[in-house]
Structures are given as structure tokens and as C-alpha cells.
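S.K.: Chain by chain, the residues:
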Amino acid sequence: MKKVRIAQLTCGAEYSGVQKEIYDAAESVGAEVFFPDIALGDVERAVKKFGLDVKSADLKLMIARAMALVEGKVEADGVFIGTCFRCAEAAIVRNELRRYIPENSKLSVVSYSFTERTTAGTLLTRMEALTTIARRRALLAREEQTGITMGVDSGSSTTKAVVMKDNEIVGTGWHPTTEVLKSAESAVSDALEMAGLTREDIQAIGTTGYGRFLIGKHLGAELIQEELTVNSKGAVYLAGHQRGASTVIDIGGMDNKAISVIDGIPGTFTMGGICAGASGRFLEMTAKRLGIDITELGPLAMKGMGKNVPMNSYCIVFGTQSLVNALAAGSSPEDVAAAACHSVAEQVFEQQLQEVDIKEPVIMVGGTSLIEGLVYAMGQLLQTEVVVPPHSQYIGAVGAALLASGFIKGE
Amino acid sequence: MAKVFIYPATSLILSDLVARFGHKPLGAALGIRERIQTAGVDSPPLQITPEEPKRGLKYAAVEVPSGVRGRMAIYGPLIEEAEAAIIVTEADFAFGCMGCARTDELILFTLRQSGIPILELEYPRDEDEGIRFVAAVKKFLAGLEDGGEA
Amino acid sequence: MAEYTPDYVGTVTKYVFVESPTMTPGELALRAYEASEGVLIKETCFGLQVTGEPESVDRLLEEIRSFDPTHIFVKDRGFPPGDPRRCRANLGGARPGYLGHEREFRLLRYITRGLEELGRREGDEAEPAPPETKPKLDIKRLQELIDSEES
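Chains as they are written, first to last, in the UniProt record's numbering: chain A, 1 to 411; chain B, 1 to 150; chain C, 1 to 151.
Bound-form chain A, shown alone (with noise of 0.2 Å):
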């Protein structure tokens, strides 16, 4: 198969230490990375054009090599753009760029701030999405489910089956992930039974999610796939709003998704999660310490004020402790529960959805979709009303039966 070639725009990558983890990453996924040549006069002229007076010479690199894909001067398929976490001048010409390529050309694009403890296996899924995008164009255009498919979501917190008939979710299964298969056999005969169907019946079946790879294997599945591209497809699909822009909110167990789409299609996309406290955990760690279950947190924040509750830290733990403290200084369970909430939505607004161009609708998918504190909460920081599609929280798997249904045999 031909290689996708994603063009890389970064500062310090060979510096950090971490160029062979981009290349190692890209391997993987069947693309390579190259760096578009231009020539010193290209710079220069770049530069006065883009109108931002960096300093750094290998970031004016990086605005010229921009431009020369814009312009068409050099062809790739995707982009990566990363600098030095840390770097204030490079974060702004990472930010720019990431909303230039996007704006004027088709092109995909990823951006990372890397450390030099960035691995291959972090960029993993970013570069797949990028190559999916380049490679599987056709695919996610893909606008109705036929047949029946199913999808698996393999998740770090749980694990998601859908069955779909003629355009139609037909059945559903959950199950919190422990042993990544069981979880899943779990969860596949949940919706197989919910159907009224069996194994046989299914003609097609798509995976997602963290466990992608081994269950797609253990069922034989014709379509394995990162959860960017399905998440956005699915997404976009629950929420009847295929054509267009629209910003997808995936705050997930374990990390955060970020996309901003256009016709279903990812065009940049950030994924977050160095710290639970931004995550789907710290609301169940929430939960547990009002000593209700995760399900109750929602309604119950709705009642209270997260302004109440004073909370100084994002980290899990010592945000953990502040509500801790609240309840012990007398703070109602409602205010507590609103905090928690408002302190994971504020910090998933600060990180990541500044990375990404916000486009309405905003579609929030996803377990903690559920949580309707929390999506008032990211509806507030957003001022916008949030989209909460139904079945949002089988989002990543019936993005996977969707797109599976482009593999039915004769299709």
C-alpha cells in the first residue's frame, strides 16, 4: 500500500530526543514523514507574509514549510505539528499554524507540545488518525448504516457494543472494562440478545477505542479503528449533523478528545489526559465520596453552585481533598458535585479546546455526556448550548457499526 505521507512541522523534536518516536509512530500506522523544502528565500518572504515576528529560525522554518502546503508548492496527505511543551513562542506559532492549514487547504492536522519522555506510543493514535483520514476518505463519507453491523468500543473505563439494522441501533451493551475480551464477549452478547439476533447474523463488525487491535482480532472484525475518526463520524451522525462544522466533546475515562469536524471529518483534534483530574475518573472519585452512584452526580449538581465550593487544584488528589474539605466545612453535596463538575469542564476548556476551533453545534459523546452537570457546566465556559445526541455514550461504537457497513460484502 502506498505510504501517506504527513508532512512534520516542529521545533526541537531532534533536539528532545524524540524525532525517532515521531518517525517509529508513523511507521506504524503505514505513513512516513517528510519536511516540505523550500529554499532560505521562501523564509524570509513566509515570514513577512504570515505577519508573526517569531524569533526562533527553525519556527520561521515551520511557517514557511505551512505556507509552502497552502500554497501547493509541496503535497502531503496530513500534518504534524509539534513543538517543546513548555515553549510560550513556540505555542503560539503551533496554535497559529494548526488554524491556518486547516483554513485554507483540505489537509488535516495534529499538533503536540512534546517532552523528551513523548514516546511512539503516545503519538500512536494521532498519526493513525491522520493517515485514516488521508486513506479512508471515502470510508467516512459515509453518511447511513445498511445492513447489520456491529461496533465494539473498547474503552479504558468500559466497554460498548451496538448492533445496527437498516440505519437503526437495534441493540445495545455496556460493561466496565476488566479483562479487556471479557469485557467485550460481555458486552457483544448483551446487545446481540437486546437485537434479537446472533453471531451469524452480523455481517460486519468495527472496533474502536484502546483495546482496538485485540478485539478486532478476537472477533474477526473487518474494520479496526482510532477513536478520533469514529468518535467524530458517530458523533456526527447521533446528532443528525453530518454536513458541516461542529465541534465533538469526548471527555473519556482516561483521556480527552478535542475534535473539530467538518462534513464528519476531523480536521484538527487534540488528545489531552496527563492528569485524571480532568477526567471522567475524577467525577467517579466525586461520586464515591458523596457516596452516591456516578449516575446521581448529574442531577444532583444541577441543584447546586460550584461557585460555593472553593477549589484550587486540577490534580485528583488534592482536587479530591478540596471537596473533601468543603463537606467537612459544611458545603452542600449539590454545591460539592457542581464544583466537581465545573473544576473537570473548566480545565478540559483551558487545555484543550483552545486547540481546536470551536464551530457550533458542539457535540458532547461519551459516558460523561450523561453527566448533565457537567455539560451545563462546558455549556457555560462555551457559552453555547451543548448537543447531547441520544446514545451518546455508545458514540465510539456506533461510529464503528456505521463505518463498518462499508465492508459488507457486495456493498
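These are calculated hints, taken from the structure and not from any lab test.
Any given hint could be a false lead.
Said to hold, decoys possible - Below 30 Å or equal to it, Euclidean Cα-Cα: the simulated DSSO-like pairs (lysine-lysine) are:
(1) K42/C with K24/B
(2) K58/B with K55/A
(3) K3/B with K42/C
(4) K106/A with K73/A
(5) K3/B with K55/A
(6) K55/A with K54/B
Unchecked claim - To spell it out: a stretch of chain B is covered by chain C in this simulated footprint if at least three of its residues, at any positions, have a beta carbon under 8 Å from a beta carbon of chain C; those stretches are:
(7) 9–20
(8) 87–101
(9) 120–127
(10) 134–140
All C-beta atoms in this analysis are idealised placements derived from N, C-alpha and C, irrespective of residue type, glycine included.
Please arrange chains B and C on chain A, whose structure you already have, making use of the hints.
M.R.: Same frame as chain A, but now just chains B and C:
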């Protein structure tokens, strides 16, 4: 023969003039050559492994970006070895090893702190400046031979 | 983690740039080959790359410089010639250092002029003045301007 750190460390002009007038230029190529010719863990293209930014902690704190620390792992030892330095201050189009402005600032500061004789210049913009540029470099380097301050 | 085994251990590689109205990189290469004595020579668009034992490279460079002293310039290189890690064919584009060379290559004619002039004045007492660093605005003049504005 004195060991003269050149800035930009990738400068053809400075590397040439220092060697031409009988001294040893210390530039980026020496640091890269050392890595390229040393066996170890494969880390293309420059054989700078993730260990290098950690070594760079000697020159810059942990909150300094990894690219700065990785670069300082190359330049720090060269600066320590240097007996003099020639600095051309506008390195605005020196890419790659010199492509990070924050590292460049730290290199200049470290050089100025080190107490070695330093000549600071700007790139020539015409022939007259070219004459003065070469003359200044030559005079500075000749001063090093005498063992005196330039 | 893959092991790395280096090639060309103990050698040095240097770039030779020629910016001359009378000598092309091709001619430079021809003459350099004649004097090479086992030093590896690779012709490039701007001149040469030479690789070998440090002493042999120094000897050859001394000879090469003598072809046209004020138009030939030499610089260290970290990589051996044709290394796939730096090769444009593999990277898709020029390595960053190439653009830096482009920048300084434009200025070489001024350096040539300086070298020629200094060669001419060899032994001459009257040395050219070092580069001036004029302040943008003299402090006295600034005071005058302020006074004139206020009056």
C-alpha cells in the same frame, strides 16, 4: 592555537576565519560529530537521545523546554572547553542547531559569564564592513596568540 | 531499542565552499581529486565535502585553500557525506543547516573583499578601524531635542 567558540555555532564564515587564522573553531558540528561517531542507542537523525535533555539539566532547569536542554547538552561542554569566543549577534536565520532563540540567548549569556575573551560583531552589509569584519576577527585572534587580552 | 553502530569513526568531514568568478565547484573538484591522496572527496552544488583522517584532511584543505585563498571557505560538518539521515532525498526537503549556509553564502563576497584588502595591507601599519557600534541617538542630542520641544 586557541579553542574559539563561534556564534552562530553553525557559521561558515566564523568557522572558516578562525581556522584560517590558525585557531580551532568550536561549533555545533563538533558536538554532532561526536554523537554521530559514538555507538549507543539508535536515535536518528542527530543521535540525540532523550537522555540528552536530561544531561542538559546541568545548564537549564527542568521547567526549561526539552529542546533547549537538548541543545545545551551539545553546547555546554563546548563552551566549557572554549578559551575565547567570537559572537555575531544577529543569528536570525541560523536554523537547526541554532534554530531556537531561547537556547541562543542562554548560550550568549553563558559565554559572557564565563570570563573568556569575547569579540562581538554584526554581519557585514557591504564591502567596507566586510573589510572591518575580517580585520577585527584577525586582530582578536592574533591577540589570543600573544596570550594577552584582545 | 535498536543499537546504533557508527560509520567513519575517527574521521572528520569538512565542507569546502567556493564562491569565485574564476573557479566552478566542478573545477575545484578536479584539482582537489589530484591532491586527494586517499581523502574521500564528494562534489556538491556549492563545492566539496572532504572526509578522512584529521591530519590528511588538514593537509588537503591547506592545498585546496591555496587554489584561491580568498574565494574558498571551509567549515566542519558533523555527518559524513551522503548520510541518509541528512540527505534531502530521504527527508523530503533540505536539512535546516542548508538554509543557514544559504544565508551566509550571500555574504561571502564581503568576506572575500576583507581578505583581499587585508592581504594587500599586510605589514601596513594603518589597520582598518574595527566595526563601529554607533549609538542610535546621542544622549546630548536627545536632550537638545527634548529641550527644543519643550521651549
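S.K.: None of the hints should be skipped; say for each whether it holds.
M.R.: Now the hints, each set against the structure:
Note on K42/C and K24/B: the hinted pairing holds, with a Cα-Cα distance of about 24 Å set against a maximum of 30 Å. A hinted pair counts as satisfied when its Cα atoms are at most 30 Å apart, and K58/B with K55/A qualifies at roughly 25 Å. Under the criterion of a C-alpha separation no larger than 30 Å, the hint pairing K3/B with K42/C is consistent with the structure, at around 28 Å. Distance check on the hinted pair: K106/A and K73/A sit about 14 Å apart at the alpha-carbon level, within 30 Å; holds.
A threshold of 30 Å between alpha carbons decides the hint, and for K3/B with K55/A the separation of about 29 Å falls inside it, so the pair holds. Of the pairs offered as hints, the one joining K55/A and K54/B holds, with about 25 Å between alpha carbons and a cut-off of 30 Å not exceeded. Taking a C-beta to C-beta cut-off of 8 Å, the segment 9–20 of chain B contributes 9 residues in contact with chain C, enough for the three needed, and the coverage statement holds. Look at the segment 87–101 of chain B against chain C: 7 of its residues bring a Cβ nearer than 8 Å to a Cβ of that chain, three or more, so the hint holds.
Given as covered by chain C, the segment 120–127 of chain B passes the check, having 7 residues with a CB less than 8 Å from a CB of that chain where 3 are the minimum. Counting residues of the segment 134–140 of chain B whose beta-carbon sits less than 8 Å from any beta-carbon of chain C gives 5, enough to reach three: the coverage restraint holds.
Violation of the numbered hints given earlier is absent; every hint is satisfied by the structure.
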